[in-house]
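Protein chains: 2
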Amino acid sequence: MNKKKEKRPHVVVLGAGFGGLAFCRQMKNAPVDITLVDRQNHHLFQPLLYQVATAGLSSTEIAYPIRNIFKHRSDLRVVMGTVVDFDLTNRRLKLRREELRYDYLVIALGGVTSYFGNDAWAAHAPGLKNVTDALRIRHRLLMAYERAETETDPERRRSYLTAVVVGGGPTGVELAGSFAELARRVLRSEYRQASKIDPRILLLEAGPRILPTFSERLSQSAEKQLRGLGVEVRTNAPVTHIDDGSVSFSDAKIAAETVVWAAGVQASPLAQKLVVELDRAGRIPVEPDLRVPGHPEVFAIGDIVQLNDANGKRVPGVAPAAMQMGRHVAKVMREDLRNGKPTPEKAFAYLDKGSMATIGRSRAVAQVGKFELSGFPAWLTWLFIHLMFLVGFHNKLFVFLDWLYAYVTFNRGARLIIRSDVDNLPPDRRYTKPNQSPLIRHD
Amino acid sequence: MNKKKEKRPHVVVLGAGFGGLAFCRQMKNAPVDITLVDRQNHHLFQPLLYQVATAGLSSTEIAYPIRNIFKHRSDLRVVMGTVVDFDLTNRRLKLRREELRYDYLVIALGGVTSYFGNDAWAAHAPGLKNVTDALRIRHRLLMAYERAETETDPERRRSYLTAVVVGGGPTGVELAGSFAELARRVLRSEYRQASKIDPRILLLEAGPRILPTFSERLSQSAEKQLRGLGVEVRTNAPVTHIDDGSVSFSDAKIAAETVVWAAGVQASPLAQKLVVELDRAGRIPVEPDLRVPGHPEVFAIGDIVQLNDANGKRVPGVAPAAMQMGRHVAKVMREDLRNGKPTPEKAFAYLDKGSMATIGRSRAVAQVGKFELSGFPAWLTWLFIHLMFLVGFHNKLFVFLDWLYAYVTFNRGARLIIRSDVDNLPPDRRYTKPNQSPLIRHD
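Just so you know, the sequences run in chain order W and Y. Residues 1 to 443 (the working numbering) make up the first sequence, in order. Residues 1 to 443 (the working numbering) make up the second sequence, in order.
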């Protein structure tokens with residue numbers, strides 16, 4: 001490290017998700033030293049996590065070492081660490097193993113699964129927020145098919161071959177479609193019980209239609225495409241109870257070994273340590289220029305933030321919004337640095353480039369403003385965009401090839417059940433607890 | 001299942017390693033029904049396991065679902081199950097979840113890591129026999145480099161950046177070489193501490209030279225190639241003690257966070273349940289035609305077997321020997337079936353096609369009879385042969401591409417530290433115990 005650097009302002013970035021990365025990239029050659037803190041050693045491409053959970057991709061294909069991304073940036077230090085506490089007044093930050101002082105702080109800690117107060121459900125219905133979640137869902141699903149082979153009780157066998165996805169947003173739709181393809185096109189030809197008994201996949205949505213943020217026509221198209229894959233879609237079906245082996249909703253109760261929760265997200269619980277007033281989902285209500293109220297040197301971006309943007313529209317909790325926020329903060333901070341003081345408010349405006357959800361092989365829906373696509377063209381667009389945004393040439397190449405392989409062979413390569421002591425833990429310790437922050441890691 | 005089949009003799013095969021698979025393949029269209037039992041759902045290509053431990057390959061690339069291999073074989077049923085006990089007298093077998101009766105039994109359970117009576121070392125120095133072992137070694141190594149970044153005590157920092165491999169056979173040599181390449185070519189450019197302090201990799205061998213089954217000239221060549229990668233090779237250095245954080249050998253003691261045991265293998269402890277006399281390493285001393293003494297309908301093959309073959313030579317515990325044994329038993333059994341009684345002894349003869357060990361990029365040794373290769377040509381031969389024997393087109397393609405990627409970029413794609421409850425277990429529970437059989441799985 002050269003001596004000149006010690007005089008440069010120190011920027012601490014918490015979280016190497018889409019927002020944190022976008023900020024760090026945009027700050028290249030800025031006159032600051034950056035410390036990027038994440039509790040994981042990798043950036044995770046969350047939009048494809050459901051494909052790890054359904055054995056289509058390997059976890060290493062959608063995770064990329066953070067240090068590798070920035071290995072040529074001598075202005076940037078990567079710390080794998082867990083935030084324990086903030087001291088905004090003194091511009092200090094406590095990690096589990098070290099303390100950091102900062103001149104600027106960027107909070108990009110993202111969100112965690114929310115069970116809307118029913119945290120006991122977490123033990124039976126994991127969310128899908130990190131690699132461990134995905135591998136556990138994969139493990140549970142594949143083990144259920146193995147168990148069905150030797151189970152003599154027909155009802156229990158039926159329940160081993162039933163998977164329920166709760167939540168009809170993009171993640172739930174993608175998971176349900178991918179489960180269905182895995183079950184019906186791959187596993188049914190290899191498991192005797194699954195070939196005799198039809199595996200069931202249910203998608204439960206509390207509201208009147210799936211994909212509520214899309215147009216009504218695309219919701220209907222998505223539902224039709226899901227049904228074509230054999231998914232039973234239930235709308236107006238709010239879940240009332242989940243325990244080990246069953247899900248209750250409306251006036252029905254379904255016995256199912258595999259249940260996945262894709263119904264809610266809340267801000268990282270670390271936000272609660274900020275001594276700032278939060279909204280109902282625990283998010284930070286930032287100023288229009290993404291500063292944390294009362295602390296012009298502290299910014300927050302991504303899923304941890306609640307904001308109506310310059311156009312008065314609520315900014316959604318999606319990757320493109322987090323990236324745009326990251327870049328916006330970089331611009332604002334560069335100006336602060338030039339002026340030597342906080343720039344007058346420069347409001348963030350979210351540019352909605354559209355949204356999409358994939359349902360399966362050649363099945364998807366996409367919406368760009370008033371322009372709508374569904375089926376094969378939507379699917380092809382989805383593939384292209386996701387490959388483009390994946391970090392690293394290695395991952396782009398391998399994901400592309402795995403998709404090509406699956407397309408040609410109708411097979412899935414990552415069907416690995418790994419022996420692990422985790423399985424021997426009681427069910428309530430098997431999954432990440434909902435109130436565990438994504439930063440809480442290290443050892 | 002059709003009715004004709006119920007009259008066909010029932011063959012139970014225990015273990016879907018190289019031996020078990022070769023047997024099942026060779027029995028295609030034989031007039032029997034086969035049940036193939038393994039505690040894992042995948043066949044593991046063990047020769048490349050060290051590359052998973054050193055982040056070169058993803059676990060899914062060297063593991064292949066057993067059911068997928070045999071999905072077109074209606075005569076073969078796959079059971080993921082754990083053997084609990086044998087009843088050779090009544091031709092019965094107890095799995096944890098079901099009981100099997102057999103007419104023929106093929107025991108292909110393989111081996112486990114042996115600590116030569118020092119089982120307490122297992123907690124600190126894992127062996128490398130399955131995917132979990134490999135992932136844990138990877139986790140420990142990568143975490144050690146992260147820890148070094150924030151450690152303030154120079155001695156502890158030094159120990160985080162030190163890895164020791166115990167055992168100078170092919171596995172130990174391959175691991176040490178791969179560790180060295182990972183540390184010096186990849187991690188050193190990303191970790192500040194590792195770039196300042198030279199990471200140390202030691203290879204300890206109790207005997208006078210590494211690769212003792214190779215010619216003396218190749219041993220020397222391998223040692224020279226390892227030193228070229230920065231590995232400190234210590235021969236005549238039997239390990240006397242291992243605890244959490246240090247290894248003692250001869251009259252030295254080295255502080256090291258990452259220690260891997262590649263010094264010994266013994267037969268699966270399930271062999272002890274056979275009520276047959278075993279050799280010192282717990283292996284079954286089979287008849288020359290691979291039958292278990294006193295039980296002409298029971299065969300044993302692979303690493304669980306002790307045999308001097310038809311040429312009077314000890315059959316080594318390597319994949320080609322297991323595969324040849326598997327095919328030999330299939331031939332003998334087919335003749336038994338034709339004759340309706342045990343065929344007169346047809347002794348197994350091992351055809352040694354040579355052996356090889358890779359050391360790193362363009363570095364390897366290979367020996368085929370008196371013919372010797374080292375360096376680049378040996379390495380190329382090694383690559384080619386390993387790709388050829390990998391099961392499944394998916395894995396061949398992806399392993400090949402990962403190697404190509406690493407060759408061109410000097411990078412490694414699978415550097416993932418995954419959050420896991422396992423890390424929170426006390427050290428003595430972190431690794432597979434040495435006396436745990438590879439069949440003990442299911443949960």
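Hints are not guaranteed to be accurate.
Claimed, not checked - Heads up, simulated EDC-like pairs for lysine to aspartate or glutamate below, C-alpha to C-alpha not over 20 Å straight-line:
no., chain 1, residue 1, chain 2, residue 2
1, Y, Lys94, W, Glu151
2, Y, Lys28, W, Glu190
3, Y, Lys71, W, Glu190
Bear in mind the hints are in silico, worked out from the structure with no lab data behind them.
Cross-check of the supplied hints:
no.	hint	in the structure
1	Lys94/Y with Glu151/W	holds, 16 Å
2	Lys28/Y with Glu190/W	holds, 17 Å
3	Lys71/Y with Glu190/W	holds, 5 Å
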